[in-house]
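Asks: So the chains spell out like this:
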Amino acid sequence: MSQKLRELWQLLRAMATDDAYERYLAHHVQAHAGTAPLSRRAFYLGEQQRKWTGVSRCC
Amino acid sequence: MRKFLWIMVALSGAFAVGGIALHRGETINAMWLVVAAICVYAIGYRFYSAWVVAKVLSADAGRATPALRLNNGRDFMPTHRWIVFGHHFAAIAGPGPLIGPTLAAQFGYLPGTLWILVGAVLGGCVQDMTILFMSTRRDGRSLGQMARDELGPVGGLAAIIGTLTIMIILIAVLGLVIVNAMKHSPWATATVFATIPIAVLIGLYLRNIRPGRVLEGSMIGIALLLFAVVGGGWVDHHPTLRVLFDMDSKGIAWFVIGYGFIAAVLPVWLLLAPRDYLSTFLKLGTVLLLAIAVVLLRPEIKMPAITQFVDGTGPIFGGALFPFVFITIACGAISGFHALVSSGTTPKLIGSETDVRLIGYGSMMLESCVAIMAMIAATLLDPGVYFAINSGPGVVGATADAAVTTISSWGFPVTADQMHELAREMGESTLFARTGGAPSLAVGMASIFSNAFGQGLLAVWYHFAIMFEAVFILTTLDAGTRVGRFMLQDALGHVWKPMAKTSWYPSVLIASALIVAGWGYFLYIGVVDPNGGINILWPLFGIANQLLAGIALCVATGILVKSGKLRYAWVTGLPLTWLAIVTTVATWQKVVSPDVRVGFLAAAEQMANKLASGALSPEQAAVAPQLIFNQRLDAALAMMLVAILWIVIADMLRVSWRVVKGLPVPPSSEAPAVALAEVRT
Chain A
1 MSQKLRELWQ
11 LLRAMATDDA
21 YERYLAHHVQ
31 AHAGTAPLSR
41 RAFYLGEQQR
51 KWTGVSRCC
Chain B
1001 MRKFLWIMVA
1011 LSGAFAVGGI
1021 ALHRGETINA
1031 MWLVVAAICV
1041 YAIGYRFYSA
1051 WVVAKVLSAD
1061 AGRATPALRL
1071 NNGRDFMPTH
1081 RWIVFGHHFA
1091 AIAGPGPLIG
1101 PTLAAQFGYL
1111 PGTLWILVGA
1121 VLGGCVQDMT
1131 ILFMSTRRDG
1141 RSLGQMARDE
1151 LGPVGGLAAI
1161 IGTLTIMIIL
1171 IAVLGLVIVN
1181 AMKHSPWATA
1191 TVFATIPIAV
1201 LIGLYLRNIR
1211 PGRVLEGSMI
1221 GIALLLFAVV
1231 GGGWVDHHPT
1241 LRVLFDMDSK
1251 GIAWFVIGYG
1261 FIAAVLPVWL
1271 LLAPRDYLST
1281 FLKLGTVLLL
1291 AIAVVLLRPE
1301 IKMPAITQFV
1311 DGTGPIFGGA
1321 LFPFVFITIA
1331 CGAISGFHAL
1341 VSSGTTPKLI
1351 GSETDVRLIG
1361 YGSMMLESCV
1371 AIMAMIAATL
1381 LDPGVYFAIN
1391 SGPGVVGATA
1401 DAAVTTISSW
1411 GFPVTADQMH
1421 ELAREMGEST
1431 LFARTGGAPS
1441 LAVGMASIFS
1451 NAFGQGLLAV
1461 WYHFAIMFEA
1471 VFILTTLDAG
1481 TRVGRFMLQD
1491 ALGHVWKPMA
1501 KTSWYPSVLI
1511 ASALIVAGWG
1521 YFLYIGVVDP
1531 NGGINILWPL
1541 FGIANQLLAG
1551 IALCVATGIL
1561 VKSGKLRYAW
1571 VTGLPLTWLA
1581 IVTTVATWQK
1591 VVSPDVRVGF
1601 LAAAEQMANK
1611 LASGALSPEQ
1621 AAVAPQLIFN
1631 QRLDAALAMM
1641 LVAILWIVIA
1651 DMLRVSWRVV
1661 KGLPVPPSSE
1671 APAVALAEVR
1681 T
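Protein chains in written order, with the working numbering: chain A, 1 to 59; chain B, 1001 to 1681.
Pulled out of the complex, with its shape left as it was, chain A reads as follows:
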């Protein structure tokens, strides 16, 4: 039961992009080991900038 709840919570976080930074860190450790990753805030701001540079909302 608690396993199911945890999965649901993870899904909700993923939908809201709450887990984006953790996923970025996981990727960073694997692909760019040894270099410093962005801070949580810098990552968030960079992602917003990227998201709103193209068409991301419709009519």
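Bear in mind the hints are in silico, worked out from the structure with no lab data behind them. In this text the structure is predicted, and so the values were computed from the model without any measurement. Backbone N, C-alpha and C define an ideal beta-carbon position, used for all residues, glycine too. There's no promise every hint is true.
Unchecked claim - Some residues of chain A that are not near chain B, with every Cβ distance over 12 Å (derived): (1) Ser2; (2) Gln3; (3) Lys4; (4) Leu5; (5) Arg6; (6) Ala20; (7) Ala36; (8) Leu38.
Stated by the list, open to error - To give an idea of the chain B side of the interface with chain A (calculated C-beta under 8 Å), a few residues: (9) Ser1058; (10) Gly1096; (11) Tyr1205; (12) Leu1215; (13) Gly1394; (14) Arg1632.
Chain A is fixed; fit chain B onto it per the hints.
Replies: Relative to the frame of chain A, chain B by itself:
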């Protein structure tokens, strides 16, 4: 067993569709529409989409997607398909599928409903999925880039002009929708104003206090928004504040224009991004709530299946059933705008090629379902009430008595007392001539919600619905202005290099001002036009959106032919043909029709004659030259749009012809195939 189940689905679907088509009683239960929709979607998804994915697109689960090959932990990242589905649906679903069906309900519930179902299953869903798939095969390239690569520079340029035009008209018409919902409504105005500082507050929270914790930030924001809805009611009852927020439509239009400019030049994290999170959660929550309420309540639809306005004399917009129902309902059936989202952001998240079926086809099905819900909310009102809210003063008369007399004479009885009582219940001074669809949808939603979840809160539910619509109309407005600004900066950069720098402030200000001036102009004219403005702008928006869909389907058809799938080219070719016919006929009628409520040129001429003969009142005469110029401009714009569509079609046919004849064509821009196993290791 499986087979039996699907036969049952097919039979119930056929029974429900037949039921809504042949029913001729006083009222019909909304569940007929719901059942018909669910069965049609289920069959479309289970059979048609599976066939298209397997045979036409030949999606290959063993081929690595760009998310896997180019994974950078940010925009390219393989993501669970249900999560991509959620993101993609949130991106494509805007106010369009709520407004179009509400306006098209003037023809009765049947024509719009059938077009939403058939258009989505055979057109819109196919377009979204096909473009999503093709962009995935091309590392997430945009529609414009694909048009240029696969067809040639003409197609590419057409896609850019089409996108820019649709953006400007879309923003103008959405701006007009909220102006009409807010004019002389202190409650709505105060609530919508309050959404701006709330969004800024959440923006600061997500940047400074708890960076990137979107879920908790959004929950706080939504609580504040609900509080703002109730707070608007206090403002409405306060003698001084009430006057302060009681604004006329010109005042609100100027506010929207100024707001649009400021929002487009502010950093995105401050206003745009947080408000988008709020509007997305609100949208998903409200749509879900509406679906639950409709099923719980099973309301009766009071609008006839078909009204006399199919002949083109409709009060909400002029023009006959064919072609205008297909222009009025774009989002919800087929929306070219989706092709811009399907190419670009979403393809970079797809983990497996076969996921395009759920994400592309499935999301559009859900959006179509939202359109069905909007149709139900519009048609469960008394038809007389529906027409009284949605008809402009230029059509039914400027006073309440004149309006109810006109509308009752059409066979849709309504009284001034009934309208007055309804306005009082909704916490408004009047509901007459609140054109644009948002207020009548809000009345419909409020009555559903208050019946399902507790009586007596009608006014709160009404303003909740208005706030809900305004929040994502404003998001579309500044996101659209920003996209337009980037496109314009890019174009101006070809003339003078520094203009292309997206972070150079003089360039940002100039380009933003030009885009805002573009839609601000149409918005302002829409506000001063006594026929409501929606009558002009919504068809123009529909034509622009179908043009974009036409370009997307041309690109898709061209790619299918080039990849040796000529015999399956009808899958995108058929919806393309239909859109080309509809758009061309609609444009032709909008330009040359002698009916002044349909033809731009006829309307311009009639007004010019009235102006010359002195038949206009001084205030009408003051705006007449602007309105005359605008009608002619609209005619030119519509002709330009349809000309672009035919140029792209001709270009696609040229390329296809060369393929068939074995002549050289631009090479495929598909990324080379990489097997899944090679990426994983």
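Asks: Hint by hint, say whether it matches the structure.
Replies: Going through the hints against the structure:
{"no.": "1", "hint": "Ser2", "result": "holds (19 Å)"}
{"no.": "2", "hint": "Gln3", "result": "holds (17 Å)"}
{"no.": "3", "hint": "Lys4", "result": "holds (15 Å)"}
{"no.": "4", "hint": "Leu5", "result": "holds (15 Å)"}
{"no.": "5", "hint": "Arg6", "result": "holds (15 Å)"}
{"no.": "6", "hint": "Ala20", "result": "violated (7 Å)"}
{"no.": "7", "hint": "Ala36", "result": "holds (14 Å)"}
{"no.": "8", "hint": "Leu38", "result": "violated (10 Å)"}
{"no.": "9", "hint": "Ser1058", "result": "violated (27 Å)"}
{"no.": "10", "hint": "Gly1096", "result": "holds (4 Å)"}
{"no.": "11", "hint": "Tyr1205", "result": "violated (12 Å)"}
{"no.": "12", "hint": "Leu1215", "result": "holds (4 Å)"}
{"no.": "13", "hint": "Gly1394", "result": "violated (26 Å)"}
{"no.": "14", "hint": "Arg1632", "result": "violated (26 Å)"}
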